[in-house]
Amino acid sequence: MKIRFLTKGKKKELLRNLEKNFGIEKPDFLFFETIRDIRIFTGSVSKEDLGILVKNLQIQTMGLFFARREGGELRLSLDATHLLSKKIKKNILEISSVQKERWMNCESIEIEKSLKGIFIVKNKEDFMGTGKALNGKLFNFLPKERRTGNY
Amino acid sequence: MINPKPLFEERMRRLLPEESDFADFSKKIHEYPLNFIRCNTLKISPDELRQKLEEKNWKISQPFSGRQEIMLIESKLLPGEIGKAIEHLLGYYYVQEVSSMMPAFALEPKPGEFVLDLCASPGSKTTQIAALMENSGAIIANDRAVDRIISLCSNLERCAVGNTIVTKEDAIFLCQEMGSINLEFDKILVDVPCSGEGNIRSNPKTLITWSIGAIRQLSDLQKKIAISASALLKKGGTMVYSTCTHAPEENEEVVSYLAQKKGLVIEKASLPLKSRHGIKEWGKSSFVEGIENACRIYPQDNDCEGFFVAKLKKE
Numbered sequence: 012m013k014i015r016f017l018t019k020g021k022k023k024e025l026l027r028n029l030e031k032n033f034g035i036e037k038p039d040f041l042f043f044e045t046i047r048d049i050r051i052f053t054g055s056v057s058k059e060d061l062g063i064l065v066k067n068l069q070i071q072t073m074g075l076f077f078a079r080r081e082g083g084e085l086r087l088s089l090d091a092t093h094l095l096s097k098k099i100k101k102n103i104l105e106i107s108s109v110q111k112e113r114w115m116n117c118e119s120i121e122i123e124k125s126l127k128g129i130f131i132v133k134n135k136e137d138f139m140g141t142g143k144a145l146n147g148k149l150f151n152f153l154p155k156e157r158r159t160g161n162y
Numbered sequence: 218m219i220n221p222k223p224l225f226e227e228r229m230r231r232l233l234p235e236e237s238d239f240a241d242f243s244k245k246i247h248e249y250p251l252n253f254i255r256c257n258t259l260k261i262s263p264d265e266l267r268q269k270l271e272e273k274n275w276k277i278s279q280p281f282s283g284r285q286e287i288m289l290i291e292s293k294l295l296p297g298e299i300g301k302a303i304e305h306l307l308g309y310y311y312v313q314e315v316s317s318m319m320p321a322f323a324l325e326p327k328p329g330e331f332v333l334d335l336c337a338s339p340g341s342k343t344t345q346i347a348a349l350m351e352n353s354g355a356i357i358a359n360d361r362a363v364d365r366i367i368s369l370c371s372n373l374e375r376c377a378v379g380n381t382i383v384t385k386e387d388a389i390f391l392c393q394e395m396g397s398i399n400l401e402f403d404k405i406l407v408d409v410p411c412s413g414e415g416n417i418r419s420n421p422k423t424l425i426t427w428s429i430g431a432i433r434q435l436s437d438l439q440k441k442i443a444i445s446a447s448a449l450l451k452k453g454g455t456m457v458y459s460t461c462t463h464a465p466e467e468n469e470e471v472v473s474y475l476a477q478k479k480g481l482v483i484e485k486a487s488l489p490l491k492s493r494h495g496i497k498e499w500g501k502s503s504f505v506e507g508i509e510n511a512c513r514i515y516p517q518d519n520d521c522e523g524f525f526v527a528k529l530k531k532e
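Line by line, the protein sequences give chains A and B.
Residue numbering for the first sequence is 12 to 162, as defined by the numbering used here.
Residue numbering for the second sequence is 218 to 532, as defined by the numbering used here.
Worth double-checking, as some hints may not be accurate.
Claimed, not checked - With the Cβ distance kept under 8 Å, some of the chain B side facing chain A (calculated, not the full set):
1. 219
2. 221
3. 236
4. 238
5. 258
6. 263
7. 327
8. 354
9. 355
10. 364
11. 366
12. 368
13. 370
14. 380
15. 384
Note that these hints are calculated values from the structure, not bench results.
Positions of the beta carbon are idealized from the N, C-alpha and C atoms, including for glycine.
Assemble the whole structure, with the sequences as input and the hints as a guide.
And the structure:
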């Protein structure tokens, strides 16, 4: 696994994006990137020590999938929304319990046509990842292994 | 019902010499195991999870007062219902047999520590250790098989484990590699591949595949893995050796070898399940002093699957 820690500039941009879009202030993680994704390491090992491990061991993966950048948009992973549940303040889209069942089956759900962009999806106290609002629909990015329809 | 091979039965009778005890064991291994889950406290509290599951009309109990994360689903559910529940897909719980939770409890990982989980897939114990560490410190979780690594990574993501580095290496080779860069760990879990005699309730085919030859081969491999891992333990550090089998060759014999070769001290682990002492001799072999501190977990004592857990300290 090729691991690159985010440069200061990229990290600053990411933090600004998180605050502007979701109201998330100063998440205390070590950020790094793979080809498409941003991942985090929540542990308390220094960047230098992690660097030694990465250099010397055949690492398959490290930390947690945090977000994907696509077309200038930042989509938080389902599990990132769980870890940050207490910090997410903006662009939360509440869905009903009936919609929740459909959402977990990876269906797109109908929403107000005026909504546009990336939203964090929530039912009651459960955060359910992010979706993209476009033309009255909320499109779903749940990974296959997390969908009810996969069983 | 699959009948045990005569040699398996003969050996279990030696381990359980009282006729009624052996009869209880023989009866229990043919019963389907109970549905235990472990609340993933990285995402939700046990109280909140219990409430959610009870709203689905599942009957839930928490049989261990000091370990609220251990939950028993008492309702009769449809096949696959526990795995496909939304709460499972969201990563609020891990389907894990209660005896399999014991090695991580024996290890007692603390926030901030550096932990090695050498044979980690599919990740039940790694995710449990990460929860006990509150996602801090660091865990190196290793397995050698690609398909098992995929399950491990998938479970780590689902449980929002962010403090883990996953490696795919032969366990012995990995220990040598880590030794060469002077890595040392506060805690090491060595939950080795084993003959699986303890898992007959969930995997009755073990009774068909069981052989004494496999036990002897596994014992040799387990010794090599355990010795390699122990070299990476910090002074004052703790190593837990565990198997899901009853065979003394894979349990007391390995721990005894390890304690003698490496001067590790066998400590008594504090576990929420009833356990019996490690045995002091088997056939012509006598085991090291302190082996009685090891824990033998039998299905008939707790209505669970069988396990063996030994906690060793480097002084």
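**Prompt:** Hint numbers the structure violates, sorted upward?
**Reply:** 1, 2, 3, 4, 5, 6, 7, 10 and 12
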